[in-house]
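Participant: We have chain A already, so just place chain B on it with the hints.
There are 2 protein chains.
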Amino acid sequence: MATAATLDAVVRAAGPQLGSLMERVEQRLTELTAGHGQLLAEHAGTTIAAGGKRLRPLLVLLAAGESAAPTDRLIRSAVAVELIHSASLVHDDVLDRAPVRRGRPTVFAAAGRTVATATGDLLFSRAFAELAASGEAADVRALSGASSALAAGELMQRADAWDVGVSLDRYLERCELKTGALFEAACRLGALATAGPDEALAAFGRRIGLAFQLLDDVLDVSGPASRTGKARGTDLLDGTVTLPLIIARERDPALAATDLRALATAEQAESICDRIAATGALSDAKERALAVVAEAKAGLPALPLRQQATLELVADGVVERYS
Amino acid sequence: MATAATLDAVVRAAGPQLGSLMERVEQRLTELTAGHGQLLAEHAGTTIAAGGKRLRPLLVLLAAGESAAPTDRLIRSAVAVELIHSASLVHDDVLDRAPVRRGRPTVFAAAGRTVATATGDLLFSRAFAELAASGEAADVRALSGASSALAAGELMQRADAWDVGVSLDRYLERCELKTGALFEAACRLGALATAGPDEALAAFGRRIGLAFQLLDDVLDVSGPASRTGKARGTDLLDGTVTLPLIIARERDPALAATDLRALATAEQAESICDRIAATGALSDAKERALAVVAEAKAGLPALPLRQQATLELVADGVVERYS
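Residue numbers (the numbering used here), protein chains in the order written: chain A, 1 to 323; chain B, 1001 to 1323.
So that you can see chain A by itself, here it is in the shape it has in the complex (with noise of 0.2 Å):
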């Protein structure tokens, strides 16, 4: 999501200790991943090691802060959250019969749907294996709670297919379910690791989760192909209406009235694109996504300058990789 100089960036502002201790996280999970027999070695494995940006797990250590020592806890509660985002992006691929995933095949392409399935529930199994170990009741709640939210969340995006009246509350109640529960656990979990419950933090967790989504969303209409690796109007082929057909229907009744289940082909998606970016919708809809970056940055609590300083940066990388 941030790019990876917002990240790195983060990283230098955060100090040498989350540097060591990201470093920590990658290891749990390559320990992991080789040991639970070759084919998740070589499933799993790829997948995680293609694995982005860390975000999640970063997210866990910077909610953590720096006052208290790091324990097994926390690196086990930013190894388990990337577990579930890694389980859920094998099981997106196998529904969406993706071919690739950053550059590489999926484990969908490579091994079939049953290994993919299995993989997927395997990386599920280990993520709460990971958080019982630590005996933490409190995390276990946290992190099933979000990754029950990420599959009601896809339920419910079945559910309001090729629904193009869909109300704007029930879209932004799915992203925060698809997106920002994850992000919300990873900063409940880093502040139950250390200081204690902080809802404050879980609620800006939440926030740029949602602000991710939203973008995402904008990028998907907005394109170019060449930046976000995939055709325009993807999200359209599937039946999938985001931030900015809700907003552009309201100013072009053609679009209200379109029929997504007759577009067939990517260029059909793409003019219907083209149309959504006519209205300004794209626009309204950054708009709207960098406002709840703003207030995600704006409800933080008191912290640690060090420490605020980072999470804003996260923060701003979200909007980042939109400008």
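Don't take each hint at face value.
What the hints assert, rightly or not - Under 8 Å between C-beta atoms, here's a sample of chain B residues computed to sit facing chain A:
hint, residue
1, V1094
2, T1117
3, D1121
4, L1122
5, A1132
6, G1145
7, S1148
8, L1155
Please keep in mind that the hints were generated in silico from the structure rather than gathered at the bench.
The beta-carbon is built from N, C-alpha and C at its ideal position, and this holds for glycine as well.
Facilitator: The following block gives chain B in isolation, referenced to the frame of chain A:
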């Protein structure tokens, strides 16, 4: 697995308390599926309602015994085990593209693979949420171990698919992962909720789970389809090599040389089943399963008489469905 008659006998033998606890389990399962949105209520509700004999929750309650007052923790454990079982069935049905389970359309058939995958993930997450509410890390550990085993067993089955020469040890390990581990967790959780950890009870669960899987694999070859509800040789068509073939290949060189990938029709699969049966492998495989049941019973720890008798009835139920 066990026949309804056996389970009725178990409930009768165990006394009235068991019946009322099983009702609390049913109630909680209904509440859970009703409490997570319409889609889950619709799909998971149907799966869980169609849900078979509730053998795993029954084992949780029987392993707990009657000496301690039943706690919420016990009910939550019984519910969690059934949720993991249901989640795995929902995912299996996606992988097998199964139209019907227990006489009702599967979630996959009724709502497609996206909804079915997400429904399985949600049931999975709710299982851990259920245990997190008890606040007992040992319970989470037991369940995450079992759910990891389930997925690892599935991966192992894929890795060994089409290999007619798969070793007996690998086959037995796969059965323990796929089926034994959740039965084991059921007994382990029941003991944890009352008297405390009991490895002998856990081993009982693992053994009857193993015996269950062995007999299931015999039934796939022996049929009749009118009784099992599926065509003979379904496993063979999937490339899944099980005990009857592992025994028979030593006696019939043509079987050892069979290329399962060449099996294209149900008739061809049936003719391999006949050939396996002709070696006498089915009764030997059944013998082995009966020996595991006997071992399970012999290994039971010292228990109150009624508790021991009901656990033995359950063990016998595994056999009874065969005879």
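Participant: Now tell me, hint by hint, if it's right for this structure.
Facilitator: Against the structure, the hints:
A distance limit of 8 Å between C-beta atoms decides the matter here; for B:V1094 the minimum to chain A is near 7 Å, and the interface restraint holds. Given hint, B:T1117 at the interface with chain A, holds; its Cβ is 6 Å from that chain's nearest Cβ, closer than 8 Å. A hinted interface residue such as B:D1121 counts as satisfied when its beta carbon comes closer than 8 Å to some beta carbon of chain A; here the least separation is about 4 Å, so the hint holds. Interface restraint check: B:L1122 against chain A, minimum CB-CB distance 4 Å, threshold 8 Å, status holds.
For B:A1132, the shortest C-beta to C-beta distance to chain A is roughly 4 Å, which falls under 8 Å, so the interface hint holds. Among the interface hints, the one on B:G1145 holds; its C-beta lies about 6 Å from the nearest C-beta in chain A, closer than the 8 Å criterion. Hint on B:S1148 holds. Least Cβ distance to chain A is approximately 4 Å, under the 8 Å limit. Satisfaction of the interface hint for B:L1155 is found here, the shortest Cβ-Cβ separation to chain A being roughly 4 Å, below the 8 Å cut-off.
Checked against the numbered hints above, the structure breaks none of them.
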